[in-house]
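K.L.:
Chains U and S supply the protein sequences, listed in that same order.
Under our numbering, the residues of the first sequence are numbered 1 to 281, in order.
Under our numbering, the residues of the second sequence are numbered 1 to 338, in order.
In short, the hints are calculated from the structure, not lab data.
As the structure is a computational prediction, the values presented were derived from the model and not from experiment.
There may be inaccurate statements among the hints.
To be verified - Computed spacing ranges between beta-carbons, pair by pair: (1) Val227(U) <-> Lys86(S): 54 to 64 Å; (2) Asp71(S) <-> Ala155(U): 29 to 39 Å; (3) Arg82(U) <-> Gly72(S): 10 to 20 Å.
Where a beta carbon is used, it is the ideal one built from N, C-alpha and C, also for glycine.
So you can see what is in the structure, the chains are spelled out below.
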Amino acid sequence: MSGNLYEASVMRIAAVREETPDTRTLRLEFADEAARAAFSRAYRVGMFGLYGVPGAGECALCIASPPTRDRYVECTFRRTGRVTAALADREAEQRITLRGPYGNAFPIDDWRGRDVLLVAGGMGLAPLRSVLWNLLDRRAEFGAITLVCGARTAADLLYKDGLAEWAKRGDVKVTTTVDPGGETAAWRGKVGLVPAVVEETVPPNQKGVAAVCGPLGMIKFAMPVLVRLGFAARDVYTTLENRMKCGVGQCGRCNIGGVYVCRDGPVFTLEQLRKMPAGDL
Amino acid sequence: MKIVDVDKLSDLAAALAAKGYRIVAPVRDGDVVRLKQWKRGECVVLDAFTVNSVKDVLIPPSEVIGRYALDGDDFTPEAVAAEAPKTVVLAARPCDAAAMAVLDAVFNWDFADTFYNARRAATTIAALACRQADEQCFCTSVGGAPDSTAGADIILRPADGGKRLTVEALGEKGEALVAAAGEVVQEGEAAADAVAEVPVRFDAAALAARLAENFESPLWQTLSLACLGCGACAYACPTCHCFDIQDEGTRRESVRLRNWDSCGFGLFTQHAGGHNPRPDQAARWRQRVMHKFLYFVERFGRLACSGCGRCARLCPAGMAMADSCAAIEAAAQKAAKR
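Bound-form chain S, shown alone (with noise of 0.2 Å):
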């Protein structure tokens, strides 16, 4: 098997950089370990759980989809080509892996994003299983697991105490990932280490038919009394893609921008009219509930989470998705015992 020293980690992204990736690992940031480009020197972080997703390497906070040079009332539109730099995500985890496929559907939903194809085509994804989780982690809920391969081109696996870790190989850009890396990946043998285990907090299939019939449901209000609307969920989330586009710009050039936005948000909605089809928090609650358990599945055929947690670590009112998701399920059992 073909294994990798965690002490050797930083010459891993040095050798990889050497030969033409960007690289894009966990490391400090202040308090937080965050991913983001790795610098040499920087010491690749293994046993933290990153505040930011995999999803920021695909689809920036804010992109350039459109460029204009301006003359008075006049325009020129100039070409605009996406930035996909040959990426490689290091150590992402395994709920942020599986988060890909529900962003290829939508960016492949017929009409093909081509900022986002370019950049998805050139990032390999190296997923690291979890030894550990926290009380907010609840991939095997949404039919994930701490080990899970789905959606990475490479699963690094701890062993030997967390002092190794074993390389497989899942594909052609994994392969090619594992050869870039040269003399620091070697053949040996390690003792796999145990995954971490994530209780199950809800069963997905039986809240999806909870869903369709509990739109006018009262715990709506009760759920989201404490949302403050303020889109840390969203921006944080490995699935979540809703984006606003707006124009900015000089009196010289203006650029339109896509933009990461949230059903959070009250003008989300809002018609040009003044009417707002979801014009309280229950609402856009529900909203955001509802398009990952029951919508993206009726659409998709998979659910729109990937069971990561951000959403509930980084909430500064203290509400859970998979508290949300448990209370509408144990909600429609108790009604159904009646």
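Same shape as in the complex, but just chain U (with noise of 0.2 Å):
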């Protein structure tokens, strides 16, 4: 019989980064090699983990950083309730447990040769740049690559370094966007809703593959724009982030109809979204 599928990796914080006024990046690093080792092998792009206090609890929060980085992991987190509470207390050398990885991945190894465009929405960002990572980690693989990335203020946009980083590098398009009212004097990026962004500012008849993550009325409007744009249904990728206490396909909770985000998931193509029951998302 294998061992106690609760038991975590304890892990060091090697850094913490404030992204936005109540979102933080920690960087943690495993305090055992064969743990870690373990963790690297099963890992791919869209998988998520169980990040716990001790104390707190566990929540599950999808993994920021790319498997091609595989000498920690980050995970970004908005303190909303008791467990990122206390994730937000954590200070740097101070240390916390993580499960996983569990669930599906992005298919990243069959875009090989396509162009992939990342929209992102808020918090959206933090799945699709451990996925940006990956493919720029992996560049002369994949065609064009393009991040339309928005947020409800200026402040509010994650990984602000990260933004400035793939601005500079010239192989992969960046455009940000704020909702309207959410930019300040300096502000150089859009200022409207990302679906609408996407539309203005994304060429038609795309065939390669895209990913959208962020809120669920942000998926639901840029879904019909991405199809108008030429992507396909199979092509269209998203992350879908239901409550879940397990993530082994036990607790019942993240079930939509008769799918298991946390088993069937996180990742989603919109051809699989479209054949869930809508009053269930």
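Both chains are sitting in their own frames, so use the hints and assemble them into the complex.
P.N.:
This is the structure in structure tokens:
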């Protein structure tokens, strides 16, 4: 019989970065090299982890760092509940726990040779950041890469240093936008909702793949735009962020119809999404 | 055939206890009969239906799955072992035994749960065929029977007008139990009593097809109007297994607990961002019915209901799963005729 499913790896917080007034990124390093190696072997971009603070609990979050950078794991979270508040209270050199990686992945090996459009809203940039770094770390394998990324206000944009770095590279086209009223005097990006900015900036007749992550409302409005731009439903990917406890298909709360987001997802294509009961999303 | 006298059941329990078994049996507990740990001198009650199911033995309402010693903001993980004493559930109902296949599937769905499996391996289920059924029983609607042996390690069948039970071991665990019982179980002859008649209330195979077409049906509103969202049905259900995980502790120590939960509760699916995919009781009741009669069938090839009827017996609002199923089928038939 296998060991306790709920036994987690102990992680040292190597660095803490403030992303926005309510959002942080923790860079975590494994206390145990065997655990790190096992994680690295299993991890594909898109999978998620259960991050834990003993005494507060665990929560499911995406893995914001790519498999190509396997000395550490990064997680980005907004302070919203008991566990994220406890995570936010932790400082560098303190420890937390991690279980996983769980779930399925973006099939980026199948994307080789194709153009990739990434569309992120708010916290949705966290999962797409690991996708983008993964693609950029294997840059020669893919066609044109485009990122359209938005937030409610300029202050709410995640990974400002990452955005600056990607903008400078020249091998990825980056468009940033904020919701109307979210701009500042120094704002140089677009002003408008993400789906509208995608429609405005991405040329039609797209033959590549697209991945959209963000609030459910944004995803719903972005999907028809992507279809109009020519993307096939099987080439449009998103991640679902249902509430989870176990991460392994047993606690029963992440179901959408008969789909277990933790096991069958979190990555789904638009084609799969269309088969799910809309009333359960 | 092997036989035990019904008035020797306490002796049987005592003999098994002497061989190291923890005995869980239907015993009186205030006004109800409950499956709980039998103590010497207690009467094993055969003619009543227990309020709780065998699930309680395999998945405790609350269980420690993790333990951490705390020191300020730091912690030290401590090993946690499953509590899995050698146990026999004496006189479980066939519908409870049949539910084991559902729990086995969930807790071994390529991730094997150590805690469940340790207890499952240590538990012997001695099922008792039903002589009587009440108006809430519907095992025959979900592929079961009042004398089904599915999931049981031993089947006890009432005989000689309820004075005796015939004892049939159905595998190694059952044979070990019979051997441990010693002289209380004897060779003999007895005339089997008639088993209960449980009328079929709905066609489960047809229901799955109906459900697949009726996610958006207005019927869910009507069917769930009475639901208070109390969760009694889920807690009493032998197949309901959904759980929550919470940390609880002091400044020095914290335990990670796995607690029973229910899809009937509003917070069950509430996202951190505020969105709730199942915002009302209609959506939650739909999930409960769909999960048992459609989703589980699609995923695991079996129903997640064994027709015990506890949900209906306990519901403070008088709702019944079998009524919902029959209503969905009736509505679909009516719609088809139009």
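K.L.:
Indicate, hint by hint, whether the structure satisfies it.
P.N.:
A quick look at each hint next to the structure:
| no. | hint | result |
| --- | --- | --- |
| 1 | Val227(U) <-> Lys86(S): 54 to 64 Å | holds, 60 Å |
| 2 | Asp71(S) <-> Ala155(U): 29 to 39 Å | holds, 37 Å |
| 3 | Arg82(U) <-> Gly72(S): 10 to 20 Å | holds, 18 Å |
The structure shown violates none of the earlier numbered hints.
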